[in-house]
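Let chain A serve as the given structure and place chain B on it in line with the hints.
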Amino acid sequence: MGFTGVFRCRPAIFLSLWVTLFGAIFSSFINAQELSAYEVMMKVENRYTGDSSVGQYTMVLIDRRERQRVRNLRIYKKDFGKDNKALSLFETPADIRGTAYLNFDWENQDRDDDSWLYLPALQRVKRIASSDTSDSFLGSDFTYADINGYELDWYNYSFVNESESLDGFEVWVVEAIPKAQFKHKAEDATGYSKMKSWIRKDNFVQVRGQVWELRGNKIKYFNSTEIELIDDIWTTKRLQVIATRNGRQEHASVLQINSIDYNVKVDDSSFTTEYMQRGLD
Amino acid sequence: MFKKIRTKSLNHIIRYCLSALLLTPAYCAAQDGFFSTINIDIPETKSSDYSVIGWITQSASYGLEQPGQLFSRNDSELNGLQSSLFVQADGKFSDKSSFRVSGKYYHDPIYQIKNDVPHSKEERNQLRNRLEIRDFYFDYQADNGFYVKVGNQILAWGLSEYIRVTDQVNVEDQFAIAQQDLEDLRLPAPAALMSYRLKSWLIDTVVTYDADRNQIAPEGDEFDQFAQLRNVGFALNRQETKNRSEGFIRLSTQLSSGDLQIVAGEFNDNNLSVQDIDVLGSAQPSVNFNQNRTRMIGAAANWVEGAWLFYGEFGAHYGVTVRPHVKSFFNQLNGWDQKDQTLAVAGVEYNGFSNLLLSLEIDSIHTQNHDSFMQAPSDQISLGTRFNWTALNQRFRVVGVWNKLANNWGSVSRLSIDYNWSDNLDLGFLLVDYSASQDSVFYQFRNNDVVQLQMRYNFQL
Numbered sequence: 028m029g030f031t032g033v034f035r036c037r038p039a040i041f042l043s044l045w046v047t048l049f050g051a052i053f054s055s056f057i058n059a060q061e062l063s064a065y066e067v068m069m070k071v072e073n074r075y076t077g078d079s080s081v082g083q084y085t086m087v088l089i090d091r092r093e094r095q096r097v098r099n100l101r102i103y104k105k106d107f108g109k110d111n112k113a114l115s116l117f118e119t120p121a122d123i124r125g126t127a128y129l130n131f132d133w134e135n136q137d138r139d140d141d142s143w144l145y146l147p148a149l150q151r152v153k154r155i156a157s158s159d160t161s162d163s164f165l166g167s168d169f170t171y172a173d174i175n176g177y178e179l180d181w182y183n184y185s186f187v188n189e190s191e192s193l194d195g196f197e198v199w200v201v202e203a204i205p206k207a208q209f210k211h212k213a214e215d216a217t218g219y220s221k222m223k224s225w226i227r228k229d230n231f232v233q234v235r236g237q238v239w240e241l242r243g244n245k246i247k248y249f250n251s252t253e254i255e256l257i258d259d260i261w262t263t264k265r266l267q268v269i270a271t272r273n274g275r276q277e278h279a280s281v282l283q284i285n286s287i288d289y290n291v292k293v294d295d296s297s298f299t300t301e302y303m304q305r306g307l308d
Numbered sequence: 372m373f374k375k376i377r378t379k380s381l382n383h384i385i386r387y388c389l390s391a392l393l394l395t396p397a398y399c400a401a402q403d404g405f406f407s408t409i410n411i412d413i414p415e416t417k418s419s420d421y422s423v424i425g426w427i428t429q430s431a432s433y434g435l436e437q438p439g440q441l442f443s444r445n446d447s448e449l450n451g452l453q454s455s456l457f458v459q460a461d462g463k464f465s466d467k468s469s470f471r472v473s474g475k476y477y478h479d480p481i482y483q484i485k486n487d488v489p490h491s492k493e494e495r496n497q498l499r500n501r502l503e504i505r506d507f508y509f510d511y512q513a514d515n516g517f518y519v520k521v522g523n524q525i526l527a528w529g530l531s532e533y534i535r536v537t538d539q540v541n542v543e544d545q546f547a548i549a550q551q552d553l554e555d556l557r558l559p560a561p562a563a564l565m566s567y568r569l570k571s572w573l574i575d576t577v578v579t580y581d582a583d584r585n586q587i588a589p590e591g592d593e594f595d596q597f598a599q600l601r602n603v604g605f606a607l608n609r610q611e612t613k614n615r616s617e618g619f620i621r622l623s624t625q626l627s628s629g630d631l632q633i634v635a636g637e638f639n640d641n642n643l644s645v646q647d648i649d650v651l652g653s654a655q656p657s658v659n660f661n662q663n664r665t666r667m668i669g670a671a672a673n674w675v676e677g678a679w680l681f682y683g684e685f686g687a688h689y690g691v692t693v694r695p696h697v698k699s700f701f702n703q704l705n706g707w708d709q710k711d712q713t714l715a716v717a718g719v720e721y722n723g724f725s726n727l728l729l730s731l732e733i734d735s736i737h738t739q740n741h742d743s744f745m746q747a748p749s750d751q752i753s754l755g756t757r758f759n760w761t762a763l764n765q766r767f768r769v770v771g772v773w774n775k776l777a778n779n780w781g782s783v784s785r786l787s788i789d790y791n792w793s794d795n796l797d798l799g800f801l802l803v804d805y806s807a808s809q810d811s812v813f814y815q816f817r818n819n820d821v822v823q824l825q826m827r828y829n830f831q832l
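Chains A and B are the protein sequences, given in the same order. Numbering of the first sequence is given in this note's numbering, commencing with residue 28 and proceeding in unit increments. Numbering of the second sequence is given in this note's numbering, commencing with residue 372 and proceeding in unit increments.
I should point out that these hints are in silico values taken from the structure, not numbers from a laboratory. Even glycine gets a Cβ: it sits at the ideal position worked out from N, Cα and C. Certain hints may be false.
[What the hints assert, rightly or not] Each computed DMTMM-like pair below joins lysine to aspartate or glutamate, with the alpha-carbon atoms no more than 25 angstroms apart: (1) B:K467 / A:D294; (2) B:K570 / A:D295; (3) A:K212 / A:D295.
[As the list claims (entries may be wrong)] Which bits of chain A does chain B cover? Going by a derived footprint, with three or more residues having C-beta under 8 angstroms, they are: (4) 82-95; (5) 296-306.
So that you can see chain A by itself, here it is in the shape it has in the complex (with noise of 0.2 angstroms):
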């Protein structure tokens, strides 16, 4: 997804990456004005989000007549090493309470994500098709892709703006533009052409983002707000997206953390496709 993809590109967990954002804060603030794009999203990419996490949510699905669908849901994260694990869990609506998408994010870049989808009124685990990432996150504006990230080296960066100000902060605004040998692999993944990020110079935490959809003359707009340290990392709390449509709002999502715990002590048994049966339970 574009931002939080731009955001986090490769390992972690998109939430993680919203929801962690470390920064490297002052030592990063001097060196701020020699840093590349690219090497901006780097420091994005590396940031510290905790080795794992255990997070309660909310999220709040707005379609264009402003009905509201409320998700309260569960996360799991956990590194393992350079590999990542989450797992989320969905509490409520009843109609898809127990709900649970697990996905292994590897380092290594040549092997793709291992994703699954448990589904309550069938109690069958199902495999999800690694590409299947284009598509909504269980009705949400997310896509998988913005949840379990993307490849940082399949894009090119460059600086649509190198220091503008927002909200009070100094900001950079990268631009990813997919490589051309990387390009159909970038877009079928996250289904979009182009992404601009808002990165935040004192904390590497993106703020805003944009991306425009392959199809439709789609944008969505990505907006956090919220942030703030929790156990020395920095959070995003609070994540809207809006899509629109030929300059029209069509739908929203807000995702919004209750609570989180980091570097909480996560079972290894808990990112298992028969935990996601029992996740619930």
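Below, chain B without anything else, positioned relative to chain A:
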């Protein structure tokens, strides 16, 4: 000409620049608007050790054709006004132990409303009112990796969407074939599951007791599978199964880009088969049915490659009863023969189009030592295709399924359209079309085409 084009181009550029000057600020403002914070109240929720969820469903079904004299409905008319209530309670005894209790009650007053049915009040109740205990279990996760789950539960194994190769633990709801909601397709079995993870392999062992058989429609209902036998005067008896327990074992693992599971089991066939026919021993001829004891070993695997998901399943079933041709009556007197069968499934899913999932599955059943009096040939090939399209951020879903039955016996087509009005309210439309040739076991259901409207209210306490 060149000058003209140039003039035209200049005019075009000037117009474009003026438009740009006029529109750019507005466009930028609009863009900024899309970055502004949406003001909504987000209710803060806390996880609880207990939850109760459920839904109330109301549906109205209309039979499009005339099923015939054998069945309770003889005209194309309203054939269902079903209300149902599903409730599920989950809770935790501790961090390692939890329980689930759920049940569903169906009520359909259609036979009370219609005054042209020959059934008594009791029969009517049996026809369309029932209470099912669904999941009813507790589980325990031990520190040493053992996991135990005891009680009524669903264990959906295997990968095929259309035939049961290794997926044999649970029985099916066949009250109205192909019309059930997804969550109603499998019915829980009383079972004890013990799981243990040994490195990358998960070992599941299951013992069931009194798991029963597929739940079929009662006498006279539209999907009464024995309507023809009853019509010619046979009394139908069901023999108790000799061995009430079943056993299964599964080994499963995740490989790079794929999954593998190996399953073996000894179980009672979920379908009834004829044990013998008694035409001389009593005034009324009778057919005795039982559940045949069967053994199975098989494997299922899938793997992903880009936008493609490939899957396959293979199994050997030993001692399966096979139905003789209807014209071979005397071959049924001493019960149906037992044969060994080899089942194979090859399927593929493609999700390269946005919000669209396409799938195709080919299934085959090979019967060894085939005899000419058997209804099905030695090799049966069937086919299933499906599309699943969503729109409006998954508020709107259309699913189409076409299942071509083996041996040119016909097909079942299903189209469902669902709209998620809100978190609490879903609206649905269903169309099922049955097509069957005269040789088919589904021939008697060929006129059961139905259209259904459904409304579902979801709740969570």
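These are the hints, each one checked on the structure:
1. Distance check on the hinted pair: K467 of chain B and D294 of chain A sit about 13 angstroms apart at the alpha-carbon level, within 25 angstroms; holds.
2. With a C-alpha separation of about 12 angstroms, the suggested pair K570 of chain B and D295 of chain A falls inside the 25 angstroms cut-off, and the hint holds.
3. Straight-line distance between C-alpha atoms of K212 of chain A and D295 of chain A comes to about 31 angstroms, which puts the hinted pair past the 25 angstroms bound.
4. Coverage of the stretch 82-95 of chain A by chain B holds. Counting CB-CB distances below 8 angstroms, 8 residues qualify, and the rule asks for three or more.
5. Counting residues of the stretch 296-306 of chain A whose beta carbon lies closer than 8 angstroms to any beta carbon of chain B gives 5, which reaches the threshold of three, so the coverage claim holds.
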